Every structure is written in C-alpha cells, then in structure tokens.
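Add chain B to chain A, keeping to what the hints say.
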Amino acid sequence: MLQLRIQGRGGQGAQLAGEVLATAFFQEGKYVQAYSTYGGARRGTPVSTFIRVDDDPVRERCDIEEPDAIICFDPSLLSPALLTGVTAKTVLLVNSVRGPEEFADLGDLRVATIDALTIARGNGLGRIVNSTLLGAFARVVGAPDLDVLVEVIRQVSPRKVDENMKSTRDGYELVRMREGAPR
Amino acid sequence: MSATATAPRSSPPANEVQLAGDMRLLLSGNHAVSYGAMRARPQVVPIYPITPQTPIAEKISDLQLAGDFDVDLMTAESEHSAMSACITASLTGVRVFTATASQGLFLMHEMLHYASGARAPIVMVNVNRTIGSPWGFWPDQTDSLAQRDTGWIQYYTENGQESLDTVIQAFKVAEEVLLPAMVVHEAFYVSHALEPVTVPSQERVDAYLPPFDPVHKLDTEIGESWGNVVNQDMFYRHRKDLGTAMNQVLEVSVRADAEYADMMGRGYGILEKYRTEDADMLIVAFGAMVGTARVAVDMLRAAGKAVGLLKIKLFRPFPVEAVRAAVAGVPRLVVMERNFSPGGGGVLHQELKAALYGMPDPPAVHGYLAGVGGVNVSPKKMVELAEKALTDEPVPDSVWQR
Chain A
1 MLQLRIQGRG
11 GQGAQLAGEV
21 LATAFFQEGK
31 YVQAYSTYGG
41 ARRGTPVSTF
51 IRVDDDPVRE
61 RCDIEEPDAI
71 ICFDPSLLSP
81 ALLTGVTAKT
91 VLLVNSVRGP
101 EEFADLGDLR
111 VATIDALTIA
121 RGNGLGRIVN
131 STLLGAFARV
141 VGAPDLDVLV
151 EVIRQVSPRK
161 VDENMKSTRD
171 GYELVRMREG
181 APR
Chain B
1 MSATATAPRS
11 SPPANEVQLA
21 GDMRLLLSGN
31 HAVSYGAMRA
41 RPQVVPIYPI
51 TPQTPIAEKI
61 SDLQLAGDFD
71 VDLMTAESEH
81 SAMSACITAS
91 LTGVRVFTAT
101 ASQGLFLMHE
111 MLHYASGARA
121 PIVMVNVNRT
131 IGSPWGFWPD
141 QTDSLAQRDT
151 GWIQYYTENG
161 QESLDTVIQA
171 FKVAEEVLLP
181 AMVVHEAFYV
191 SHALEPVTVP
201 SQERVDAYLP
211 PFDPVHKLDT
221 EIGESWGNVV
231 NQDMFYRHRK
241 DLGTAMNQVL
251 EVSVRADAEY
261 ADMMGRGYGI
271 LEKYRTEDAD
281 MLIVAFGAMV
291 GTARVAVDML
301 RAAGKAVGLL
311 KIKLFRPFPV
321 EAVRAAVAGV
331 PRLVVMERNF
341 SPGGGGVLHQ
351 ELKAALYGMP
361 DPPAVHGYLA
371 GVGGVNVSPK
381 KMVELAEKAL
391 TDEPVPDSVW
401 QR
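Order-wise, the sequence lines are chains A and B.
The letter at position 53 of the first sequence is residue 53 when you use the working numbering, and the numbering goes up by one with no holes.
The letter at position 291 of the second sequence is residue 291 when you use the working numbering, and the numbering goes up by one with no holes.
Hints are computed from structural coordinates only; laboratory data are not their basis.
Take the hints with a grain of salt, since some may be wrong.
[Said to hold, decoys possible] Covered stretches of chain B (chain A as the covering partner; in silico rule of three or more C-beta atoms under 8 Å from a C-beta of chain A):
no., segment
1, 183–191
2, 194–202
3, 280–294
[Claimed, not checked] Some chain A residues judged to face chain B by a derived CB distance under 10 Å, without partners named:
no., residue
4, 18
5, 31
6, 32
7, 34
8, 50
9, 51
10, 57
11, 58
12, 59
13, 60
14, 61
15, 64
16, 103
17, 118
18, 121
19, 123
Since the structure is predicted, the reported quantities are computational estimates derived from the model, not experimental observations.
C-beta: ideal position from N, C-alpha, C; glycine also.
Just chain A, with the same shape it has in the complex:
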C-alpha cells in the first residue's frame, strides 16, 4: 500500500490535488481512499489530505502515521508535526525555490523540491501551484503514469486547461531530488 499526505492551506488547491491524484490512481485500476480534514472551510487554515493506494480494498479509516510520501504546498508548513512518522524511505516534496540540499537539516528522508510558483506564474496560472506539484510528485514517486495524470488534469481543470497540463509536465521535468543521507 502506498500512503500519502498532502499538506496545504485552505485556498491553495491541496484538497483538489488529492482528488486528482486519487482519480488518476483509480483510472489506473487501483483501489484508493482519499480524504481531507480541515477546521472549517476557510482560506489560509491548514488542510491535510490523506491518500491510500492499493491493489486490494482499503479498509483502515484513520490518519496516515507513516507516510511513504508527503507533498508540502508551502515550506512554512514544515513543522515537526508534519514530519512525524517519516522514515529514510519517505519522499518529501516541497514547493520551494530552494534546492533539496538546503533541507538537509530535516533529517534522514528523501527530499525533492520544485519551484512550483515560478512555473505556475510562467504558465499564466498565477499562484495556483497544484498541477505543477502533481507533475513533480509523479516523477519522484514513479506513479501515477504521467499521461494518465495529465488526462485527469485536462478533465478537471475548471479553466486554463492547457496551462495546467503544461505545468504538470513542467513539474515532472524540473523537480529536483536529493537522496537521503547515507546512514
């Protein structure tokens, strides 16, 4: 089972990103379970999305305590609470202009960064970074298939469809990865 957490703030599109990922895995024939928790639907408050992907039905209904991957929409959300339960195998994807080596102090985990804001702005999407982050995610985790993901982005983008599809592919190409420090 692949277990993911997405951490964002209300209004950033983190919940929608979770739904897009879940849809892509669903279309690949996987069982998925994806849900978000939030303290009232307000802009700016932290929103956590949890996704499980498996070949068999997902039965447990609880938070993900040991994620295989985390997508962090905003480095200001990189709190110790967000990183509890990570292991050397956990992939942490951060939306940041900084390179992954600059997050070495986070400890023994695999950090990837993507300058999603610059990419999104360059593609005319303003501050909407979720499609870029999803493309980067598909690269660093190796799933879902990029073409399946881009097709789901095409189906669900409310507008600027081509811009979102391009941002997804740009995210896939431009993500920067650092392997965990050797133990």
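Only chain B this time, still in chain A's reference frame:
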C-alpha cells in the same frame, strides 16, 4: 469536482461484483449517499446544510439539475423545519429522504419523536460529528447515539458503498414496518473519503424497492388526519404498537439485506463476525472503526493471537439474540468506540452489557473509549489496546484509552 466524480475507471477489479448497468465511480461517502438516494427515488427531500453533511445536499442538487433525479428538493430554514416537512410529506404517502449532522440532528430532536409516533418511514442519513460545545468537525458518534430513544431504526456503516446500499435497504425496511430509519456514517473518514463505489442500476433498484403506497395517507379527498389528542389508553396502545414494529425490524432487516445481496451482489447482515473462529477475544465495534479493526485483527492473528471482530451494524433495535449467539463461547470482549455519554460511558459498552445480562456463561466485557472526539485510532493502536484487554481484568465502567 463533478468531472472527477463521474470519470469511469478503465475496468472493474476482478474481485468486485459488477452487474450489467452498474456504474463504478470514484465517490466520497457523502456523494455515494446522494446516488443511493437517487436510486431509491424519493419524491421529496427537505434538507438544511451543515458541515460535514453538506456534500449530500449539493450532490442531490447536482443530480436534480442534470435531470437524473426527479425530486422536490425543499431548502428549509432550519433542521427543525426540514424534519417537520419530512413528516408532513411522508404522511401524504410519498417517499422522503433527508440528511443532517450533529447540531442539526439536535435541532430536529423534537420532531424525530414526532416522526416515529406518526409512523412516517422517512430515511435520513446522519454524518457523525462532534457536538458543541466546544466547536469541532471531527468524527464522534455521540450525536446519533443521543437519539437512540427517538423510535428511529439506526444503522451504522463503515464505508461509502455500505452507506449507499443501506440507504436503499433502509427504505425497504422502514416502509414495511412504518418507522423512520437513520443511516449513520462518520465525518471525514467516511463522509469525505473518495473511494471506488458501485452504483447499482436503476432497473434493479426499482425491482428491489417498489413505489411507496401506504394504506393510510393524508389526502384532502379522503379526509384522514394525524396528531389529535388521545387518552391514556390510546397512548399506551400506540407506544406498544411502536415497540412491536421496532421488534419486527430485526427479521425484516435480515430479509431485506438477503434480498439485496441476491439482486445486487452485496450484503452486510445486521451484524458481522470477522475471523472469530476459536477466538479468545472479540473486538466489538461499529461505524468507521470497524474497517480499522479488520486490519488490527489480521495483525493480531498473524502474531498468533486468537482475536476476532464483531461488527454491530443495526443498533436500533439492538440485536440482542444475534449478539448473544455471536459471542457464545467467547471468553472476552473489548468494545472500542468513538462516543461518550457522561455518567454512562461508552454507549455500545452499555448496550452490550445490558444485552448479555442473564446470559449463561457470559463473556467478560472491556469498554474502551478510543477515538472520542475524532482522535486517531490506527490498526497499531487497536492491536496495542487488544493486547492490553487480553491480560487486564475488566472493570464495570468504560475506560479512557489513548
């Protein structure tokens, strides 16, 4: 997100029942409820939005707008008004559906009693949410359990598929015994969890659930009415009849579920035993924690511990005989539940102890308050609690476990 919700998967998985005309969709538990309601064809849906129930109302509105759901969707000014409209509509002989949560359910409370007294077979989904104060949006079953004396049938479900199927079954049961029925699932873990869900074909649901056609109905042409003042004797008789109808729910529910399983390929029973063979102990749970408990039981069995699971699906009426049969010969039970009645403890713990009272060689019963207020209960946590329950001496009161 309607585009996401209706995107079909490439092919159904091999181990899922998929019949001709079924739709396989990625739906949240709440949206699954809306599809279940649509298939049951209620003519009237009076509803008032409240987090985390709102997506049910929104999706019904979407389906109505798309021309898929021919319904009179009444947006009331409060939950009290919504339930009042449900009762009135139901008494005119039409099928009625609604949904609420938490504070909304409490605002309905007076009318919940009225509905069962009026023998109005309304089906309502309640999304379990913490009750104020303080304010919160987390899964906790105390809201619906506080309605256990209102004369409503109550089913607790563990995922969106079961909620969809149970909404359809609940109409069948409610309309046969003439009592209202509540289908209950939890905030976020079920209500907002996107999962693959099978929506059965309209044709088969129509064959399962014929139109509602009660003998008595309010009609200006007929001139019957409901709600007059009665004497003590009539009141006594009416309450006794209500109890008789409630007792019939056990048998009617089992039959309605078996018929559903025959036609749709999915059945649940009024309770379920999971890996209970030769068990030293059963975890007893209801709602979303059942799914987590299945994983915990698998972990315990893999570690050589003979622990099984008893899922309680039908909570009102409480299936006393079925529960006694399920636990006969098992030395120990541990209830793990996400609700709290101050001064009473865990509500399932109370009900279970009462059900087992007087049974020959009853099991010892632990009551663990796990998950109250929506705190996280992982499979690992359940394994830890089960191991504790295997060695600790049970006490009469429910015990806080975090």
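Hint by hint, here is what the structure shows:
Only residues whose beta carbon comes within less than 8 Å of a beta carbon in chain A count, and the segment 183–191 of chain B has 4; three or more means the coverage holds. Here's how the segment 194–202 of chain B fares: 3 of its residues keep a CB closer than 8 Å to some CB of chain A, so the rule of at least three is met and the hint holds. With a cut-off of 8 Å between beta carbons, the segment 280–294 of chain B has 5 residues touching chain A; three or more are needed, and the interface restraint holds. For residue 18 (chain A), the shortest C-beta to C-beta distance to chain B is roughly 8 Å, which falls under 10 Å, so the interface hint holds.
Taking 10 Å as the C-beta contact cut-off toward chain B, the hint placing residue 31 (chain A) at the interface holds, the least distance being around 6 Å. Residue-level restraint check for residue 32 (chain A) holds (minimum Cβ-Cβ distance to chain B is 7 Å; threshold 10 Å). Hint on residue 34 (chain A) holds. Least Cβ distance to chain B is approximately 4 Å, under the 10 Å limit. For residue 50 (chain A), the shortest C-beta to C-beta distance to chain B is roughly 9 Å, which falls under 10 Å, so the interface hint holds.
Taking 10 Å as the C-beta contact cut-off toward chain B, the hint placing residue 51 (chain A) at the interface holds, the least distance being around 9 Å. Interface hint at residue 57 (chain A): satisfied, since its Cβ lies 8 Å from the closest Cβ of chain B, which is below the 10 Å cut-off. Using the Cβ-Cβ criterion of 10 Å, the hint placing residue 58 (chain A) at the interface with chain B is satisfied: the shortest such distance is roughly 7 Å. Below 10 Å, beta-carbon pairs count as interface contacts, and residue 59 (chain A) has one with chain B at about 4 Å; its hint therefore holds.
Hint status for residue 60 (chain A) relative to chain B: holds, with the closest Cβ pair at about 5 Å, below 10 Å. For residue 61 (chain A), the shortest C-beta to C-beta distance to chain B is roughly 4 Å, which falls under 10 Å, so the interface hint holds. At its closest, the beta carbon of residue 64 (chain A) sits 9 Å from a beta carbon of chain B; the interface hint therefore holds under the 10 Å criterion. A cut of 10 Å between beta carbons decides the hint on residue 103 (chain A): the least distance to chain B is about 26 Å, and the hint is violated.
Below 10 Å, beta-carbon pairs count as interface contacts, and residue 118 (chain A) has none with chain B, the closest being about 27 Å; its hint is therefore violated. With a cut of 10 Å, the hint placing residue 121 (chain A) at the interface with chain B is violated, because the nearest CB-to-CB distance is about 25 Å. With a least beta-carbon distance of about 21 Å to chain B, the hint placing residue 123 (chain A) at the interface is violated under the 10 Å criterion.
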